[in-house]
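Asker: Quick note, the sequences are listed as chains A and B, same order. Under our numbering, think of the first position of the first sequence as 182, with each following residue one higher. Under our numbering, think of the first position of the second sequence as 39, with each following residue one higher.
Don't read these hints as lab results, they were simulated from the structure. Please read all numbers here as calculations on a predicted model, not as lab measurements. There may be inaccurate statements among the hints.
Listed below are the simulated SDA-like cross-link pairs for lysine to any residue, each with C-alpha atoms no more than 25 Å apart in a straight line [to be verified]:
1. A/K260 <-> A/P330
2. A/K231 <-> B/Y204
3. A/K231 <-> B/I160
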Amino acid sequence: MSRILSFLATFLLLFVVFIIASASISPMDIVLGLITSVIVAAFSSTLLIKEAPTKVFNVIRWAWAIAYFFYYFLIIEPKCHWDVVKRILHPKMPIKPGIVRVPYDVKSDYTITAVACSITNTPGTVVVDVDEEGKKYYVHWIDVKATDPKVCHEMISKTFEKYLRRVFD
Amino acid sequence: MKTKDVVIGITTAILLLVIAIAIILGGTGWTPLTEIRLLAKFYLENCFNLFDKNYWAASPEAVSAMLWDYRGIDTYYETAVFFLAVISGVALFRIAEVKVGAISSMRRELGLSIIVKTVTRIAFPLIITVSASVALHGHLTPGGGFQSGSMMAVAFLTAIAAFSRYFIEENLKLTKDNFLTLRSVGLITIAILALAPILAGSIALMQNQAKPWSSTPSFPEALGILWTAGSIFYYNLAEFLTVGAGFTLLFLLISIPEEEFRRILRL
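Could you build all of it, start to finish, from the sequences and the hints given here?
Answerer: So this is what it looks like as structure tokens:
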């Protein structure tokens, strides 16, 4: 059952991508898209979905994902941009770069990746490495305000984890 | 140091200024050209002319029409040359099979971080889907067999970089022999498509749409709802498999670790 569900989820994703890449919904594209998606999904569904595929069809997770999308791109991201813009335009360029440890408390691969991408995508912080056994990221920070892992977690990744745990974990 | 920077800056500025003045004064001719060249005119008027089908290729994509119809034999030889290069590669790396079990102990440490791996897991099927879309629309939109085949090979290349070559052999159960077979199937399909008009009694190799002097019928323009532009759709599909499998095969061969290679040669 879970294999069928993960196949279905992968198939839907690939079909949507095929239609977007083709930029057309003529009958020909729908038929070709169906064939292509079935073939590619057949060998990539286990690759894409390792855990319970029921998560894909969970509406609450999708709602959290959409909420996070808007919160991230409309509030968090512009704030960080503004912060970095100020630092660049400031005549003294007040930067204090350094690499800090940021612990994380999430389980699945997708959550770890999504949190890391969220940190990297905000200007000012970049994940340079991840330590899976120690459960921590190594983050390059443009303005190191603290070196204590707990404080860093509070300042850098707490919000991301709060939302993304509800989406992927 | 400072003087040097200033000199370099001023020299670059003067150089750009001279080039700009030369272009403005028409030193390189008019860019873009104001009239269409004779050859371009022929293709524009004929490659998808529904009212005068004497010289048409049934393909709205003029470049694909040229590649697989007007100058089809050239493309065919290009594909053959690439095939020979791949075959030579396979012959040079003349080891039977890399035993996967031999390196199972160190396999856990292979590959990049979990972030790269997860992103690659998502991107891998998506790249293959998009490359298939480019291949299947090669006769309608820019793209075609070679481009889409390269895109498919890039999917496998990212997988090799992010995981390891053993990921393709173990998780996807695809060995280099599979890719060699796929590649040969693609090339044989191209050969059959090219020879089909001759076997049907035509005098022209790779004839797509019948010309006024042809004795044989054209390839059907469409297959039900599927507009195939005669044979161009099939050529693109076969070339997609040929190039994608060929490049992937080479990537698999050159990613065999040196130690493994030497160990097998010594046996």
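Asker: Does each hint hold? Answer for all of them.
Answerer: Structure-based check of all given hints:
1. A/K260 <-> A/P330: Judged against 25 Å, a Cα distance of about 23 Å means the pair holds.
2. A/K231 <-> B/Y204: holds (18 Å)
3. A/K231 <-> B/I160: holds (12 Å)
Consistency with the previously given hints is maintained throughout, with no hint failing.
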